[in-house]
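Given chain A, work out where chain B should sit, using these hints.
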Amino acid sequence: MLMSNLKPGEKVRVIKIKGSQLERRLYELGIIHGSDIELVSLHPFKGPLVLKVGNTTLALGHDIAELIEVEEM
Amino acid sequence: MNIAVIGNPNVGKSLFLNTITGSRLFVSNYSGTSVEITQSKLKIGGQTLNIYDTPGIYSLNSNSEESNISRNFLFNNDIDLIIDIIDAVNLERNLVLSYELMEIGKPILILLNQIDRARSMGIKIDCRLLSRKMGAPVIAFSAATGEGFVELMQLLEKGVNNKGYNTAQFDYHAESTENIQKNMQVMVLGQDGCLGDCGKCSLSNDKCVSQEDLERAKRARSLAGMVSNQMDVRQTMYLEKVQAVIDKPVLGTIILLFLAYLSFIILLNFIEISEGPINVFLAPVNKIIEDFILTALPQGLISIVLAKAVPEGLIIPFTIIMPAMLMVSLLMAVLEDTGLLPRYSVALERIGSFFGVSGQAIIPLSLGFGCRTPAIVATRVMPTEAQRFIIITLLSIVIPCAATLGILASVISAFHASLAVIVLTMLAILLILASVLSRIMPAENEFIYELPPVRIPVGSNIWSKIRIRFSGFFTEVLPLLLIMSIGIRALLESGALEIFRGMEQFTRFLFGIPAEAFVAVLITIFQRYLAPIVLMSLPLTPREATIAITMIALSLPCLPMMVMTVRELGSKSLGKIIVLGFATSFTVGIVLNLILPH
Chain A
11 MLMSNLKPGE
21 KVRVIKIKGS
31 QLERRLYELG
41 IIHGSDIELV
51 SLHPFKGPLV
61 LKVGNTTLAL
71 GHDIAELIEV
81 EEM
Chain B
331 MNIAVIGNPN
341 VGKSLFLNTI
351 TGSRLFVSNY
361 SGTSVEITQS
371 KLKIGGQTLN
381 IYDTPGIYSL
391 NSNSEESNIS
401 RNFLFNNDID
411 LIIDIIDAVN
421 LERNLVLSYE
431 LMEIGKPILI
441 LLNQIDRARS
451 MGIKIDCRLL
461 SRKMGAPVIA
471 FSAATGEGFV
481 ELMQLLEKGV
491 NNKGYNTAQF
501 DYHAESTENI
511 QKNMQVMVLG
521 QDGCLGDCGK
531 CSLSNDKCVS
541 QEDLERAKRA
551 RSLAGMVSNQ
561 MDVRQTMYLE
571 KVQAVIDKPV
581 LGTIILLFLA
591 YLSFIILLNF
601 IEISEGPINV
611 FLAPVNKIIE
621 DFILTALPQG
631 LISIVLAKAV
641 PEGLIIPFTI
651 IMPAMLMVSL
661 LMAVLEDTGL
671 LPRYSVALER
681 IGSFFGVSGQ
691 AIIPLSLGFG
701 CRTPAIVATR
711 VMPTEAQRFI
721 IITLLSIVIP
731 CAATLGILAS
741 VISAFHASLA
751 VIVLTMLAIL
761 LILASVLSRI
771 MPAENEFIYE
781 LPPVRIPVGS
791 NIWSKIRIRF
801 SGFFTEVLPL
811 LLIMSIGIRA
821 LLESGALEIF
831 RGMEQFTRFL
841 FGIPAEAFVA
851 VLITIFQRYL
861 APIVLMSLPL
871 TPREATIAIT
881 MIALSLPCLP
891 MMVMTVRELG
901 SKSLGKIIVL
911 GFATSFTVGI
921 VLNLILPH
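Line order of the protein sequences matches chains A and B.
Residue 11 is where the first sequence starts when you use the working numbering, and the numbers rise one by one after that.
Residue 331 is where the second sequence starts when you use the working numbering, and the numbers rise one by one after that.
If we strip away everything but chain A, and leave its shape as in the complex, we get:
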């Protein structure tokens, strides 16, 4: 499923990142194939997602989250 469809509290693993435009930026912040991610909160009206990767908290735009395929853990 897509990261943009997650609910707060769900823990997932990244399977695929579609499109290479943002690959590097995601890589820098620790989001690559195999990374473990927890959704902290979701802002309404297609607002940003707040996630936890390891002990780091990140914010990701909704459109970017739609490019990341994840699977439940």
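A few of these clues could be false.
Said to hold, decoys possible - Each computed DSSO-like pair below joins lysine-lysine, with the alpha-carbon atoms no more than 27 Å apart:
(1) B/571 with A/62
(2) A/56 with B/571
(3) A/28 with B/548
(4) B/373 with B/548
(5) A/26 with B/548
(6) A/56 with B/578
(7) A/21 with B/548
(8) B/373 with B/454
Keep in mind the hints are simulated off the structure, nothing from the lab.
Computed from a predicted structure; not experimentally measured.
Relative to chain A, chain B alone:
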């Protein structure tokens, strides 16, 4: 000897540097960016070491300003030692940069920072194993508790005595320096190396992740797993609970907006409180300077201009601007250090993207209602120069500061001008300008940000941030302000504006106001505080007053703001803002004249 300090953003580099050195100076301030390299000096073993702080980067091989500047700095300077600061709490991600640094081939010292925080989170790290695996000394460090300080100093001193630091022996195959430079060159030239979807080439690229990058990430993950141990059960700390609330979409946004409002109130009150004593002190100084110039110079235009402009140029910055700059620097430093600032861009992302600006814009805009000159400096938090320009333009033309509000209020009530029309027009212009400007400017849409942990601000961090923001005020801003004051005064005293006095029909036709009022508007646009003086004596109807006041309210920024804009964006941008300011003012006058009933 030169030491470069490198690390991810938010690892605590600032605090580390404050701990080991006394003063920090700006070395390079890359104009148009908020990226800077600072230099401090440290005396050890009879020698003075130069310690260079680089901007926080996640990877040396990216094409961001921070990465490019850090990379160029490392390669174009004689660096004797790299201090790699890694966050003990986020080992895996930090080690990726460490591996990249190893490839450079220069001596490295790894500083495992925030070890106290890691401990309180139940994380244990085997420093010896890490050191063996990385082939470099590892010092567990905490700027807060002082742990590791002595070890660090001893190690630095050893290097000084040995006239150099040992090149690390690697358990990891480093490429020769020549190869590295070739890689770097490809990247600097642009994306041309890209083969397309994605063979995962071996060369690093600005947008892609190369095979090497993935290798490093894999190694970093396995090494982190090897050396660190997370205890399962741990108490959620108080700050984490606070952070959880702030990161909630609705409640968090309300709290953040309230804090922005609070900052504005604090600024307003501070300006009010400090104005009194400063005025009392400076008024006699003002008079002395004025009298001195009038007696020292021969009678004539020049002496009059200087006698008025010099005190003006000196008094205004001190009475309002300086206290406001101080308080804004303090508020911004606190917002940054507590980790709240980037959260504004998250909470207000939807609204911000409608106007094409980051949600962080609310900070300089709120502060602008107190005093706009320091608010211009506060726009440094905006992610791109285009957005800085938009916010600075809005501050310059629309947002009324406390002083302006006071002046407007007195003039509005004196003439019974329509407050509703004035306020509505200002709101409309705010929306129109913001929308138009953001459509014109190139848009950036990569919304990926790290949110640093919410924490209690650290005193020394705040102090050094204030000092850095405040620096240059006396050396750069004041002289420029003085010169521009003289220029404006010369314009006003020369009577150049008087030619408009004869244009009664012209001004009535366009703006519906008498020529005298138009001259008063022009004068006030240049020196806002003259408004009461030049307007009060005119016989204006409420309709005429409404139009005139709105034209004044939506026009040019005040002089200190102009100086600050030149300093932050350059004189071309100021030119654009001035043209836009005049255009807005006159257009508003014409439109109001057309739609307001007589």
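Hint-by-hint comparison with the structure:
{"no.": "1", "hint": "B/571 with A/62", "in the structure": "15 Å, holds"}
{"no.": "2", "hint": "A/56 with B/571", "in the structure": "25 Å, holds"}
{"no.": "3", "hint": "A/28 with B/548", "in the structure": "20 Å, holds"}
{"no.": "4", "hint": "B/373 with B/548", "in the structure": "39 Å, violated"}
{"no.": "5", "hint": "A/26 with B/548", "in the structure": "16 Å, holds"}
{"no.": "6", "hint": "A/56 with B/578", "in the structure": "15 Å, holds"}
{"no.": "7", "hint": "A/21 with B/548", "in the structure": "21 Å, holds"}
{"no.": "8", "hint": "B/373 with B/454", "in the structure": "33 Å, violated"}
Violated hints for the displayed structure, listed by number in ascending order: 4, 8.
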